[in-house]
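J.: One letter stands for each residue in the lines below.
2 protein chains.
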Amino acid sequence: MYEEQLNDPGAVQVEQRTAPPYESAIERASLVEEMIYEGMRDGVWSYYMSLHPSDRAAVLTELPAGIRRSLAQEMQPETLAGLLDYMEPRISARVLRQFSADALADVLDLTDPATSTEILGRLPGGKRLDTIAAMEASRPVEALLRYEEDSIGRLADVRTPVLSEDTTVPIALDRLRLMGTAAEEMRSLLVVNNYGFLVGSLNPVRLALARPSATVGQIMDRDITSVTTSMDEQVAVQIMSQLRVSELPVVEEDGRLVGLVRAEDAVEVVEDIATEDMYRMAGIGEERITGPLAESVRSRFPWLALNLVTVFLAAAVIGLFESTIARVVALAAFLPVVAGQGGIGGTQTVTLVVRSLATGGLPRGLGLRILRREMILGLIHGLVLGAIIGGIGWVWEGNAILGGVLALAMTGNMVVASVAGAGVPLLLRRLRMDPAVSAAVFVTTFTDVIGFALFLGLATIFIEFLL
Amino acid sequence: MYEEQLNDPGAVQVEQRTAPPYESAIERASLVEEMIYEGMRDGVWSYYMSLHPSDRAAVLTELPAGIRRSLAQEMQPETLAGLLDYMEPRISARVLRQFSADALADVLDLTDPATSTEILGRLPGGKRLDTIAAMEASRPVEALLRYEEDSIGRLADVRTPVLSEDTTVPIALDRLRLMGTAAEEMRSLLVVNNYGFLVGSLNPVRLALARPSATVGQIMDRDITSVTTSMDEQVAVQIMSQLRVSELPVVEEDGRLVGLVRAEDAVEVVEDIATEDMYRMAGIGEERITGPLAESVRSRFPWLALNLVTVFLAAAVIGLFESTIARVVALAAFLPVVAGQGGIGGTQTVTLVVRSLATGGLPRGLGLRILRREMILGLIHGLVLGAIIGGIGWVWEGNAILGGVLALAMTGNMVVASVAGAGVPLLLRRLRMDPAVSAAVFVTTFTDVIGFALFLGLATIFIEFLL
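Going down the list, the sequences are from chains Z and L.
Numbering follows our numbering, with no gaps: position 450 of the first sequence is 450.
Numbering follows our numbering, with no gaps: position 309 of the second sequence is 776.
Incorrect hints may have been included.
So, partial list: chain Z residues that the calculated Cβ filter (under 10 angstroms) puts toward chain L [claimed, not checked]:
1) Glu27
2) Arg177
3) Arg262
4) Met281
5) Ala305
6) Ala316
7) Ala326
8) Pro336
9) Val337
10) Ala339
11) Gln348
12) Ser356
13) Glu374
14) Ala422
Covered stretches of chain Z, going by a simulated chain L footprint (3 or more residues, C-beta under 8 angstroms) [to be verified]:
15) 284–290
16) 306–315
17) 439–446
Honestly, the hints are just simulated from the structure, not real lab data.
All residues carry an ideal CB built from backbone N, CA and C; glycine is no exception.
Model the full structure from these sequences, guided by the hints.
T.: Take a look at the structure:
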């Protein structure tokens with residue numbers, strides 16, 4: 001009976017996804033590339049247009065820059081506009097940079113203002129102004145561009161329909177009908193008073209079932225949480241996730257309604273922020289693993305170069321103690337032990353602190369408490385690891401004093417690792433900088449330099465017992 | 468005029484959030500703790516119950532374990548059930564572990580099945596079975612527990628209302644009215660055929676505005692994307708984010724409808740997955756930065772201990788070349804240079820690969836291509852850094868051969884760092900293990916051990932020119 005059902009054409013229109021759709025974006029892009037090289041322009045178009053817009057966007061992202069640009073230039077404005085919602089603004093801006101201001105304006109007029117704003121924000125200043133001037137629907141974009149980057153104001157959907165509180169039910173229903181299918185996407189209709197201030201929200205189903213004599217103000221919900229435009233997008237998303245709501249109205253500081261942020265946009269924000277933090281911690285800029293090599297070099301080399309300062313600082317510290325090492329060469333073997341354990345300890349702390357700051361798990365004003373907590377943890381780990389490592393060192397070299405020096409240096413370096421791991425991101429935040437920036441480089445500087453200095457310094461003091 | 472408006476009590480019921488609500492969960496918890504120590508039981512309750520459920524959950528999370536348990540035990544089942552939706556399942560399970568199976572069943576009967584399932588999955592086996600046996604609403608929970616952990620089936624809301632395709636509009640509307648306020652939360656009503664197979668979705672607003680003679684099947688959308696229960700939750704969330712939809716129906720492999728996943732739940736999944744990946748990469752288990760110390764030690768110490776193997780391996784390599792170092796002590800100073808640069812390079816690659824695997828940016832079947840790409844990048848970075856570091860080494864020690872040895876070792880180690888950084892997570896995935904697990908420890912093992920071996924090995928070969 002089930003099989004009959006599955007053969008019914010009405011039933012199998014349901015698209016069932018069992019494999020991720022992006023698995024094949026790269027293969028699809030290769031196919032498009034091949035077809036273009038073989039001159040099959042028509043074949044390319046009929047194949048490309050048969051894809052879902054989100055897949056078209058994924059394929060466009062994976063194509064080499066040259067083909068990507070020529071493909072985009074041949075598209076109708078509405079086709080291209082339909083893809084921009086699904087593409088990374090960084091890639092969209094790169095594709096659209098070659099367009100004339102007029103052509104670009106035609107595309108962006110058909111695009112969601114929040115997406116247009118993100119793209120415009122990545123264009124050079126002159127091009128941006130020319131494009132906005134050429135746009136017909138420039139007002140919402142100009143309004144959004146007033147808000148700071150990474151503020152929730154930038155993400156607001158300003159085209160969300162709004163009802164006035166003294167509208168009657170039949171008139172509100174008529175407005176809903178006029179919107180056509182767009183009305184169906186509304187989860188709640190925002191209600192404002194005569195001054196444009198947000199005063200409540202109304203569920204469209206409640207509206208549809210209400211008695212005709214009521215006004216919107218009488219049946220709306222007055223209990224509504226909103227956020228202000230200047231709020232950091234990450235904080236706003238935290239609130240949305242904590243309250244488990246799917247939409248959050250955005251208002252100006254004075255309470256005037258601006259628009260609505262939706263949970264499905266928040267998913268992307270959360271993902272992007274996490275990626276950015278991870279990359280910054282590891283010393284990576286903006287790149288895609290399947291992107292061009294030059295992009296990857298630009299993204300990673302600056303941090304590798306910065307790390308040169310770190311490693312030569314560490315080298316200089318070892319250089320200071322060359323005469324000690326000359327007398328007890330065995331010390332050299334233990335250098336990576338002290339530094340390496342400190343490095344992992346520091347990485348643990350810095351990762352925990354950076355991530356807790358990002359997800360709201362670490363409120364302001366607790367900096368000193370966290371610093372003390374991590375210091376105690378570093379001491380505990382340092383004492384245990386020091387005992388183990390000191391013991392191994394003792395047995396290995398048959399010298400108890402060497403074991404003691406190792407144990408002391410290890411304990412000290414674990415405390416330093418914890419303090420640096422917690423202190424560096426907390427300090428960066430206090431300086432209003434990104435706590436994640438290059439955490440790996442900064443923290444290993446501390447653990448290497450201080451680890452070597454502690455170990456070799458102690459060894460120099462006790463050198464007579466190590467010979 | 469604005470001020471008048473702001474003083475109007477009708478307008479100011481709108482709660483406007485300008486600061487994150489969680490900023491004060493720790494302070495609130497301290498307040499509760501103090502009141503309890505001073506014996507103000509009534510004060511505690513009236514204060515605690517005045518908070519929003521999401522804030523109550525946050526305060527409960529921050530309280531010391533003892534107070535947390537006694538507070539939970541004194542709550543009415545419905546009050547406690549109202550908090551569980553907002554709490555981390557790990558914390559909820561810890562709070563509820565002390566409850567008898569009957570008491571626990573009372574609470575979970577009032578909780579969302581997806582949340583109950585997550586909590587039950589973290590209880591010891593016997594307790595879990597006893598609790599399910601004592602629950603009245605055990606069927607949806609039992610159904611969800613059949614799906615694997617981290618599969619999207621576990622996250623499905625199975626209580627979502629479903630319409631049959633041959634229901635008429637007036638009857639469907641009646642069903643909607645019977646649901647009361649719950650109906651207002653529906654963004655789409657799922658439609659099934661007589662066999663329980665998902666065949667479409669219907670927007671409630673379209674239903675409310677439809678002519679009475681139509682059936683649900685006639686006005687529904689047949690174009691609907693669903694995912695199967697066994698799909699990894701992360702992949703499902705990727706699809707939701709890529710298609711920009713706020714809900715995704717979940718079906719069995721054969722097409723029978725199970726329930727619905729919502730974007731607001733996905734936000735949490737995305738955030739949790741990113742946190743887990745970051746922590747695993749850095750060698751951290753499950754902990755909160757404001758949690759108890761013992762939890763942090765349990766979370767971090769295993770990785771520190773594992774790293775001992777790494778650092779002593781590196782030490783053994785240096786030990787092999789002790790006679791070389793004894794002859795040219797200056798070599799010791801350059802050890803952290805080669806290893807440190809390799810470590811950062813490896814961290815960059817491993818972070819990029821792990822994150823790309825997690826966000827779907829790296830499809831299967833591309834492993835070798837990525838490995839080759841990273842190897843080329845490692846070679847480019849290695850040649851440039853090798854030239855710089857070799858040059859510095861030459862000037863520093865006044866020995867061109869030393870510079871050459873450094874340059875060669877640096878180039879080689881950067882290639883090794885890239886290959887290990889890309890190869891380790893790709894191999895872990897092929898072995899069906901988590902690619903993020905302890906990436907930092909594994910990759911630094913490679914860069915330390917091979918970096919030291921390359922540098923000291925080359926120095927041993929050219930030792931005559933270094934004296």
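J.: All hints are to be evaluated individually against the structure, with a verdict given for each.
T.: Hint check:
1. Glu27: The hint holds - glutamate 27 (chain Z) has a Cβ within 10 angstroms of chain L, the shortest such distance being about 8 angstroms.
2. Arg177: holds (6 angstroms)
3. Arg262: With a closest approach of 7 angstroms, the arginine 262 (chain Z) hint holds.
4. Met281: With a closest approach of 8 angstroms, the methionine 281 (chain Z) hint holds.
5. Ala305: Given a least distance of 8 angstroms, the restraint on alanine 305 (chain Z) holds.
6. Ala316: holds (7 angstroms)
7. Ala326: Holds, because the Cβ-Cβ distance from alanine 326 (chain Z) to chain L comes to roughly 5 angstroms (cut-off 10 angstroms).
8. Pro336: This interface hint holds because 4 angstroms falls under the 10 angstroms limit.
9. Val337: holds (4 angstroms)
10. Ala339: Given a least distance of 7 angstroms, the restraint on alanine 339 (chain Z) holds.
11. Gln348: This interface hint holds because 5 angstroms falls under the 10 angstroms limit.
12. Ser356: holds (4 angstroms)
13. Glu374: This hint holds: glutamate 374 (chain Z) lies near chain L, its Cβ roughly 9 angstroms from the closest one there, short of 10 angstroms.
14. Ala422: Since the shortest Cβ distance to chain L is 9 angstroms, the answer is holds.
15. 284–290: Satisfied; 5 residues make the cut.
16. 306–315: Result for this restraint: holds, n = 7.
17. 439–446: holds (count 3)
Hint violations for this structure: none, all hints satisfied.
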